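Listed here are the chains, written in short residue letters.
Number of protein chains: 2
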Amino acid sequence: MADITPVLERADANLPKSLERLFDLVRIKSISTDPAFKLECRKAAEWLLAELNALGFTASVRDTPGHPMVVAHHDAAMASAPHLLFYGHYDVQPVDPLNLWDAPPFEPAIKEVEPGRKVITGRGTADDKGQLMTFVEAVRAYKETQGALPCRITILFEGEEESGSPSLKPFLEANAAELKADYALVCDTSMWDRETPAISAGLRGLVGEEIIVKAADRDLHSGYFGGAAANPIHILADILAGLHDETGRVTLNNFYDGVEETPAQIKAAWETLGQTAEKFLGEIGLSIPSGEKGRSVLELTWARPTAEVNGITGGYTGEGFKTVIAAQASAKVSFRLVGNQDPAKIRETFRAYARSKIPADCSVEFHAHGASPAIHLPYDSALLNTAKFALSDEWPRPAVVIGMGGSIPIVGDFQKMLGMESLLVGFGLSDDRIHSPNEKYELQSFHKGIRSWIRILDALAA
Amino acid sequence: MADITPVLERADANLPKSLERLFDLVRIKSISTDPAFKLECRKAAEWLLAELNALGFTASVRDTPGHPMVVAHHDAAMASAPHLLFYGHYDVQPVDPLNLWDAPPFEPAIKEVEPGRKVITGRGTADDKGQLMTFVEAVRAYKETQGALPCRITILFEGEEESGSPSLKPFLEANAAELKADYALVCDTSMWDRETPAISAGLRGLVGEEIIVKAADRDLHSGYFGGAAANPIHILADILAGLHDETGRVTLNNFYDGVEETPAQIKAAWETLGQTAEKFLGEIGLSIPSGEKGRSVLELTWARPTAEVNGITGGYTGEGFKTVIAAQASAKVSFRLVGNQDPAKIRETFRAYARSKIPADCSVEFHAHGASPAIHLPYDSALLNTAKFALSDEWPRPAVVIGMGGSIPIVGDFQKMLGMESLLVGFGLSDDRIHSPNEKYELQSFHKGIRSWIRILDALAA
Numbered sequence: 001m002a003d004i005t006p007v008l009e010r011a012d013a014n015l016p017k018s019l020e021r022l023f024d025l026v027r028i029k030s031i032s033t034d035p036a037f038k039l040e041c042r043k044a045a046e047w048l049l050a051e052l053n054a055l056g057f058t059a060s061v062r063d064t065p066g067h068p069m070v071v072a073h074h075d076a077a078m079a080s081a082p083h084l085l086f087y088g089h090y091d092v093q094p095v096d097p098l099n100l101w102d103a104p105p106f107e108p109a110i111k112e113v114e115p116g117r118k119v120i121t122g123r124g125t126a127d128d129k130g131q132l133m134t135f136v137e138a139v140r141a142y143k144e145t146q147g148a149l150p151c152r153i154t155i156l157f158e159g160e161e162e163s164g165s166p167s168l169k170p171f172l173e174a175n176a177a178e179l180k181a182d183y184a185l186v187c188d189t190s191m192w193d194r195e196t197p198a199i200s201a202g203l204r205g206l207v208g209e210e211i212i213v214k215a216a217d218r219d220l221h222s223g224y225f226g227g228a229a230a231n232p233i234h235i236l237a238d239i240l241a242g243l244h245d246e247t248g249r250v251t252l253n254n255f256y257d258g259v260e261e262t263p264a265q266i267k268a269a270w271e272t273l274g275q276t277a278e279k280f281l282g283e284i285g286l287s288i289p290s291g292e293k294g295r296s297v298l299e300l301t302w303a304r305p306t307a308e309v310n311g312i313t314g315g316y317t318g319e320g321f322k323t324v325i326a327a328q329a330s331a332k333v334s335f336r337l338v339g340n341q342d343p344a345k346i347r348e349t350f351r352a353y354a355r356s357k358i359p360a361d362c363s364v365e366f367h368a369h370g371a372s373p374a375i376h377l378p379y380d381s382a383l384l385n386t387a388k389f390a391l392s393d394e395w396p397r398p399a400v401v402i403g404m405g406g407s408i409p410i411v412g413d414f415q416k417m418l419g420m421e422s423l424l425v426g427f428g429l430s431d432d433r434i435h436s437p438n439e440k441y442e443l444q445s446f447h448k449g450i451r452s453w454i455r456i457l458d459a460l461a462a
Numbered sequence: 001m002a003d004i005t006p007v008l009e010r011a012d013a014n015l016p017k018s019l020e021r022l023f024d025l026v027r028i029k030s031i032s033t034d035p036a037f038k039l040e041c042r043k044a045a046e047w048l049l050a051e052l053n054a055l056g057f058t059a060s061v062r063d064t065p066g067h068p069m070v071v072a073h074h075d076a077a078m079a080s081a082p083h084l085l086f087y088g089h090y091d092v093q094p095v096d097p098l099n100l101w102d103a104p105p106f107e108p109a110i111k112e113v114e115p116g117r118k119v120i121t122g123r124g125t126a127d128d129k130g131q132l133m134t135f136v137e138a139v140r141a142y143k144e145t146q147g148a149l150p151c152r153i154t155i156l157f158e159g160e161e162e163s164g165s166p167s168l169k170p171f172l173e174a175n176a177a178e179l180k181a182d183y184a185l186v187c188d189t190s191m192w193d194r195e196t197p198a199i200s201a202g203l204r205g206l207v208g209e210e211i212i213v214k215a216a217d218r219d220l221h222s223g224y225f226g227g228a229a230a231n232p233i234h235i236l237a238d239i240l241a242g243l244h245d246e247t248g249r250v251t252l253n254n255f256y257d258g259v260e261e262t263p264a265q266i267k268a269a270w271e272t273l274g275q276t277a278e279k280f281l282g283e284i285g286l287s288i289p290s291g292e293k294g295r296s297v298l299e300l301t302w303a304r305p306t307a308e309v310n311g312i313t314g315g316y317t318g319e320g321f322k323t324v325i326a327a328q329a330s331a332k333v334s335f336r337l338v339g340n341q342d343p344a345k346i347r348e349t350f351r352a353y354a355r356s357k358i359p360a361d362c363s364v365e366f367h368a369h370g371a372s373p374a375i376h377l378p379y380d381s382a383l384l385n386t387a388k389f390a391l392s393d394e395w396p397r398p399a400v401v402i403g404m405g406g407s408i409p410i411v412g413d414f415q416k417m418l419g420m421e422s423l424l425v426g427f428g429l430s431d432d433r434i435h436s437p438n439e440k441y442e443l444q445s446f447h448k449g450i451r452s453w454i455r456i457l458d459a460l461a462a
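If you're matching them up, the sequences are chains A and B in order. Residue numbers 1 to 462, in UniProt numbering, belong to the letters of the first sequence in order. Residue numbers 1 to 462, in UniProt numbering, belong to the letters of the second sequence in order.
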C-alpha cells in the first residue's frame, strides 16, 4: 500500500470547504416523492455533475422517466487496479411535519450537541447526501495530492431511492456494460456505534401488501344492524391477530421455507457486540423483544423474517364517538424476508390465508406494494476483509460485520443483473433521525468517513 | 274523540311550507360532536325557539356546559287533558366522508327516487330534525285550526344526542319539576316498513369506549426495529379479535350476566313480522347473520348484546406504503346491552381484559364515551295501545310493537328520574342511511308523521 498520509492530511485540511460543498448540496430540496420538487431533483443532479467534472471525471446526467441519474467515470493510475462502482442517492425524504423541526430542514448548520461533539443538521445530511459526499471528498483528496486515483471508479448517483427506485432496474439493464465493475461500493448504511465502523452483510427482503375487507354496501348504524351485520374491522382484526402465534412466530403456511438458522460462528460474532434488548429497545422507550421468543434482538432484526402491520384504518376515527359499522376496513402489511424466502409465494400465501377468513357475503381486495428477496453478502470475502482492516485503522474500535433489518434493493440488482459483489459501508448512526424531523449527520462521521474511503481505496488498489 | 278532519286537512295544505321550515333547520350545520360547529348548534336551538314562540309556546333556550336545550310549554284546551313531554334532538352526526355524498349534506332537497316516491335528502333529515318537525307541524295544524292544543305539551329539544348527551341527566335533575309530565313522547325511531308504523318497546343499552395502545415513544422504521419492537396495531388487533369466540358470543367474563332469553310469546309475535336474514341483510348487500349462531336477525338486533368496533386507526394510512411501526394505535368500541347488563361492570371488564393483553413495556389508555343500560317498556300499557290504534288509522297496515337495536338513553332517564313512561314512535326507515352519507327521510314519513301525531294527540286527549 502507498503512503496515504498526505492524502489524509489533505482531507483534514479540506474539511471546511468540504462542508461548504455538502451544505450547497443539502440546500437543494431534492424530495423525489413529491412532483413539486422535480426541478430541485434535477438541480441536485446538475450540481453533482459539475462537481464530478471538476474532479476530472467524465460525467453525465442521464434522463429517466423519473428523476435523472448521474454517471461518471475516472481511470486508475495503474491499469491493474480494480474497477469500483460507487452508488449513492441525491434525493431525500419529505420534511413534514415541518413544525417538528428545530431549524428549517434545507438550511444546514453545524451544531455542537455536547462538548467536542458536533453534528451537521438538515434533511439529507445523513440520508444520503452527507454519506455520498464522503466518497466524493475522498476522491478529491487523492486528485489534489496524487493527481490520480488508486482505482478505476465509476459513480452512479440515483434520484429516486426514497420513492422506490422505479427507474433503476431498467437503467441498470440498459447500461449494464457501462456500469459493470469488479465491486460495488454502497454508502447508505450505519456504523455499529459512535466508535465502531460496520460493514453490512445481510439485508432483509420486503413484501408490501395492502388488504381491504369489504362488508355491507355502506356504513351502518350499529344499533340497527349490530349483532347481525358483518363488521369488516372484526374480520380484519381477526386476520391480523392470526398472523402470529403465541410464541411470536408467523403462522402463514410454509412461511419459514428458505429460512435457515444463523450459523453459530455468526451468532458468536454478534454476541461480541454486546447488544442487549435493554439497550436496543431502551432507545425507543421499550424493553421486551416482541418477536419470536428465545432469540436476541440482533437475530430478530437481522436474521429473522417478520410480518408487521404498518397501518390500519376503518370506521369512525375522528373526535368523539360514532356508533357506526364500517362498510370497509383496510391495513398495510409488510413482510421482512431472510434467506431464500420467496416474495411472490409469501404474498400468495398471505392472500390465501386472508381469503380463508372472509365470510361468504363479504369480499377482500389486495394491492401489491413492492417485493424484494433478502440479500446475503459473503461474511468473509476478500473485498469485505480488505475493507474491514482499512476501517479498523481509522476508527477507535475494529470494524464489525453486521446484519441489517432494512432493505436496499439495489444490492440485489447489482448481484443479479451485473454480477457484482457489493460492499456496504456507511457512517450513519441509529439516532440520525433519517426520514424524521431534525435529521443530522455527525461531523465525525463526515470527516472520518472521508478518511475511511481514502483508506479503503488504497487497500483495494493494493 | 274530536273530529280532526280539519286538522289533518290543514296539515296537508301546510305541507309545502312545512318542508320549507324543515329545510331551514336542516341547513344549520348542528354537528354536536365537533367543536368547530358549536355556534351552529346554538343557531339550531335559536331557530327552534323562534318557531315555538311563534306557535304560542312559552319557550326558552337553556345553556348547559355543552350545547343548549330548548324547553317550551303550552297549555291544553281542557285542564283534564294529559300532560305530554315531547323529546327530540336538533344535533346531527358528522358528515365525513364528504366525497360519498351525492349532494352537499346541508343543502336539503326533494328527490323522486321512483315514480310516486319522494325523499328529503340531507344530514339530519331523518335523524332527528325531520322527525321532531313532524310533531311541531302537528301542533301547528292544531293551533291554526282550533286555536288550542288537545293536550298540555312540554317540549324538550336536546343538542347533544349524537355526542352522548353529557348534559342531559344533570339538566333533567335540575329541572325535574318543570319537565315532569304524564307521559313522554320520543320521536327518534323507525317504522317496521314503508307501510307499517311501529312502536318501539325495548331499547338496547350502550357502552362507548375508546382504547389507545401505546408502544415505542415514536414511530419506528420497520426495517430497523421490525421483529423486536412491539407493534401496537398487533396488540390492538389481538384484543379486538379476542372479543368474540367462533360461535359469535362475546368472550368477556360475565358479559352475559343479566341477559335473559326472550320469552316465547314475544319471539312468536316477532315471527309474525315475517322478517328473514335475507330481507334484513339483503338491503345492505349482505346475507349471512354475523353474530351469535342460531338466532334470528330480530333477536340478534333487538334482544342480544353485542361488542362492535366502530373505528380503528394506527400507523400509515395514506396513499402508497410506509414501512413504519406506529407508536400507538386506537379503536372505538361499543357494547349494546340488553336486560339487566350493567354498563359500568362491562366497561370495567373490557378494560381488565384489554389490560391483560398489554405487554409490560407498553401501555393502554381508555376514554369513556357514554354508558346507558337497556330499557324495557311495557308491551301492553294504555299509552301504547292508544297510540297503536291511532297509528293504525293513518297507515295502510296496523301498527306493530317491536324491539329496537339502538339506544336512546333518555328513555331510561325519563323512567328513572322523572317516573314517566315513554312512547317511542318514529317514522324513519331502515334505509334512511342515518349516520351515513346520503341520509334521507321519506316525504311520506314526514307528511304522514305529522298526521300521525295529530291522531295520537287527539287519542291521548280523549
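Hints were generated in silico from the structure; no laboratory data involved. All values derive from a computational prediction rather than experimental measurement. One should not assume that every hint holds.
Note that identical chains are pooled: a pair holds if it fits in a single copy or bridges any two copies.
Pairs of lysine to aspartate or glutamate, DMTMM-like flavour, derived with a Cα cap of 20 Å [what the hints assert, rightly or not]: (1) K345 / D24; (2) K279 / D63; (3) K111 / E292; (4) K357 / E210; (5) K214 / E278; (6) K357 / D238; (7) K38 / E319; (8) K267 / D3; (9) K29 / E144; (10) K293 / E261; (11) K267 / D193.
Hint-by-hint comparison with the structure:
1. K345 / D24: neither (43 Å within a copy, 59 Å between copies)
2. K279 / D63: neither (45 Å within a copy, 55 Å between copies)
3. K111 / E292: Neither: 39 Å inside a copy, 59 Å across copies.
4. K357 / E210: within (16 Å within a copy, 26 Å between copies)
5. K214 / E278: between (41 Å within a copy, 18 Å between copies)
6. K357 / D238: both (8 Å within a copy, 15 Å between copies)
7. K38 / E319: So K38 and E319 pass the 20 Å test across copies only (14 Å; inside, 32 Å).
8. K267 / D3: Neither way: K267 and D3 sit 37 Å apart in one copy and 95 Å across, limit 20 Å.
9. K29 / E144: neither (30 Å within a copy, 71 Å between copies)
10. K293 / E261: within (14 Å within a copy, 45 Å between copies)
11. K267 / D193: Result: close within a single copy only, 18 Å intra versus 70 Å inter.
Of the hints listed earlier, those the structure fails to meet are numbers 1, 2, 3, 8 and 9, in rising order.
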